[in-house]
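Peer 1: One letter stands for each residue in the lines below.
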Amino acid sequence: MGDVMKGFIITGIALVLGVIMLVFVNYSVVAGKVYSSKDQALMLIDETYNRKVDVLRIVEAASNDSVEESKSASLSCDSAVSALVQRLDEVLSSPLLSENGVNTTYYVNVVNNCPSSFTVEVSLNFTSRIMKDSAVFSKTYNY
Amino acid sequence: MDAAMAVIVVLIFSMTALLVLNSSHDDGVVYLSRLARDYYEVKRINPSADLPWINTSCDNAPVVVSKKAYYYDSEANEVKAELVKVCGVYG
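Heads up: the protein sequence lines correspond to chains A and B, in order.
According to our numbering, the residues represented by the first sequence are 20 to 162, in order.
According to our numbering, the residues represented by the second sequence are -15 to 75, in order.
Check the hints yourself; a few may be wrong.
[What the hints assert, rightly or not] Have a look at the derived ranges for each label pair, beta carbon to beta carbon:
no., chain 1, residue 1, chain 2, residue 2, range
1, A, Asn122, B, Ala(-12), 52 to 58 angstroms
2, B, Asn61, A, Cys133, 22 to 28 angstroms
3, A, Ser135, B, Asp22, 39 to 45 angstroms
4, B, Glu66, A, Phe27, 54 to 60 angstroms
No lab work stands behind these hints: they were computed from the structure.
Backbone N, C-alpha and C define an ideal beta-carbon position, used for all residues, glycine too.
Using the sequences plus the hints, can you model the full thing?
Peer 2: Next comes the structure, spelled out in structure tokens:
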């Protein structure tokens, strides 16, 4: 077999492999099997924003729930504050809130004006590979 | 040398095709991701709401996006995740 023929065969194999790769990669992108880095960045921004909305709702629901339970159990105002802080710690330490590349950290502070009222403040920080975001939840409960 | 040239030419074609395909793909995935969120939000407020324009039956769909929504279960006192899956032809 001459060198020219060898060259044609090698070129042909390379072309066939290249076309197979082209078809496979394009199919993967179009079918959503793989995402480009730009896709991933946009999705992560979406993910972080959605996590923020979810966590704010979770904090409000857990706070309201805890205060209602304390009132039902006729706990003192100070005990209600302790129960609320414990409840928020339990809920916010859920590993679910830091999955999928969005790390969530929190800090709970209570302004205690017992026996009439108290204000709960939760500072939240969201960190992903490409962005940082924060939110503050604050609500005053009359007791 | 011929083979190397052939590989380079094929790579140039591949990259060009990928760039063209990616530019239209970006919006589709993010659009579906937001649609999944909308679906969760509406269903959360009204569980019996009918949303025929959002496709959640994803058999053989070309593009499927799954998104987790987190909520507080007061009875169990824990955070739970709900997986929302939507699909479409946006590619």
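Peer 1: Each hint should be assessed against the structure and marked as holding or not.
Peer 2: The hints, checked one at a time:
no.: 1; hint: A:Asn122 x B:Ala(-12): 52 to 58 angstroms; verdict: violated (46 angstroms)
no.: 2; hint: B:Asn61 x A:Cys133: 22 to 28 angstroms; verdict: holds (23 angstroms)
no.: 3; hint: A:Ser135 x B:Asp22: 39 to 45 angstroms; verdict: holds (41 angstroms)
no.: 4; hint: B:Glu66 x A:Phe27: 54 to 60 angstroms; verdict: holds (59 angstroms)
Hint compliance for this structure: hint 1 alone is broken.
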